[in-house]
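Chemist: When we follow our numbering, the leftmost residue of the sequence shown carries the number 731, and every step to the right adds one.
Any given hint might turn out to be false.
Said to hold, decoys possible - With a Cα cut of at most 30 Å, we get these calculated DSS-like pairs of lysine-lysine:
hint, residue 1, residue 2
1, LYS776, LYS836
2, LYS737, LYS776
3, LYS827, LYS776
4, LYS816, LYS836
5, LYS827, LYS737
6, LYS827, LYS816
7, LYS737, LYS836
8, LYS816, LYS737
Unchecked claim - Restraint-style ranges between C-beta atoms, simulated for each label pair:
hint, residue 1, residue 2, range
9, GLU777, HIS819, 28 to 36 Å
10, VAL761, HIS819, 28 to 36 Å
11, GLU745, PRO841, 15 to 23 Å
12, ARG749, GLU777, 12 to 20 Å
13, GLY823, LYS776, 27 to 35 Å
14, PRO817, ARG778, 31 to 39 Å
15, THR807, ARG848, 17 to 25 Å
16, GLU777, ALA831, 28 to 36 Å
17, GLN756, ALA826, 14 to 22 Å
18, ALA826, PHE850, 26 to 34 Å
19, THR765, THR807, 18 to 26 Å
20, PRO746, ASN838, 14 to 22 Å
None of these hints come from the bench; they were simulated from the model.
Quantities reported herein were computed from a predicted structural model and do not represent experimental measurements.
We put the beta carbon where it would ideally sit given N, CA and C, even for glycine.
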Amino acid sequence: MTTAQKKVLHVDDDEPTLRTVARHLQASGFVVWSTTSPFIAPIIHKERPDIIVMDVDMPLLSGDRIISIIRGNEFSTIPVVYFSGKPDHVLAGMAAKTQPASYTSKENGLPALVQKIRAFTDC
Numbered sequence: 731m732t733t734a735q736k737k738v739l740h741v742d743d744d745e746p747t748l749r750t751v752a753r754h755l756q757a758s759g760f761v762v763w764s765t766t767s768p769f770i771a772p773i774i775h776k777e778r779p780d781i782i783v784m785d786v787d788m789p790l791l792s793g794d795r796i797i798s799i800i801r802g803n804e805f806s807t808i809p810v811v812y813f814s815g816k817p818d819h820v821l822a823g824m825a826a827k828t829q830p831a832s833y834t835s836k837e838n839g840l841p842a843l844v845q846k847i848r849a850f851t852d853c
């Protein structure tokens, strides 16, 4: 990993989405960890990602609930971008409550996600 590469943790319950997003982010110069598990604290503690990309529609714990949990600990400064199948206006309402760094609908595509990530990782 070069010093310019930023680390992204991507959380989504859909494995094909994880693979597609990981390939695109890696091709865009990011180091990516992907997981379907909502229990991300051990990964965050070990890998220290620069940003978290979070789906909000997940079983067990929704993405906005996961973020609410990690906001109460040492990981509270890591920016979070919601990346969800929900439309932007729904994500905006969720964002007003949980304060992610940003959000974008999956309908906006992977280039929009990369743009959101770059806005918070200075690359």
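Chemist: Decide, hint by hint, whether the structure agrees.
Modeler: Against the structure, the hints come out as follows:
Note on LYS776 and LYS836: the hinted pairing holds, with a Cα-Cα distance of about 28 Å set against a maximum of 30 Å. The straight-line distance between the Cα atoms of LYS737 and LYS776 is roughly 12 Å, inside the 30 Å bound, and the hint therefore holds. With a C-alpha separation of about 28 Å, the suggested pairing of LYS827 with LYS776 holds against the 30 Å cut-off. Between LYS816 and LYS836, the direct Cα distance comes to roughly 8 Å. Compliance with the 30 Å bound is thereby established for this hinted pair.
For the given pair, LYS827 sits about 26 Å from LYS737 by alpha-carbon distance, which is consistent with the 30 Å threshold. Among the hinted pairs, LYS827 with LYS816 is consistent with the structure: their alpha-carbon atoms are about 16 Å apart, no more than 30 Å. A distance of roughly 20 Å separates the Cα atoms of LYS737 and LYS836; the hinted pair therefore holds under the 30 Å criterion. Proposed proximity of LYS816 and LYS737 is supported: the alpha carbons are some 25 Å apart, at most 30 Å.
Taken as a hint, the range 28 to 36 Å holds for the pair GLU777 and HIS819, whose Cβ atoms sit roughly 33 Å apart. A hinted range of 28 to 36 Å for the beta carbons of VAL761 and HIS819 is consistent with their spacing of about 32 Å. At about 22 Å, the CB distance of GLU745 to PRO841 agrees with the hint of 15 to 23 Å. Taking the beta carbon of each, ARG749 and GLU777 are about 18 Å apart, inside 12 to 20 Å as hinted.
Range check, GLY823 to LYS776: about 33 Å between beta-carbon atoms, so the 27 to 35 Å window is met. For the hinted restraint 31 to 39 Å between PRO817 and ARG778, the CB-CB distance of approximately 32 Å keeps it satisfied. Hint check: THR807 to ARG848, Cβ distance near 18 Å, so the stated range 17 to 25 Å holds. Remark: the range hint 28 to 36 Å for GLU777 to ALA831 is contradicted by a beta-carbon distance near 18 Å.
Remark: the range hint 14 to 22 Å for GLN756 to ALA826 is contradicted by a beta-carbon distance near 32 Å. The supplied range of 26 to 34 Å is broken by ALA826 and PHE850, whose beta-carbon atoms lie about 18 Å from each other. The hinted range of 18 to 26 Å is satisfied by THR765 and THR807, whose Cβ atoms lie roughly 20 Å apart. With their beta carbons about 18 Å apart, PRO746 and ASN838 fall inside the hinted range of 14 to 22 Å.
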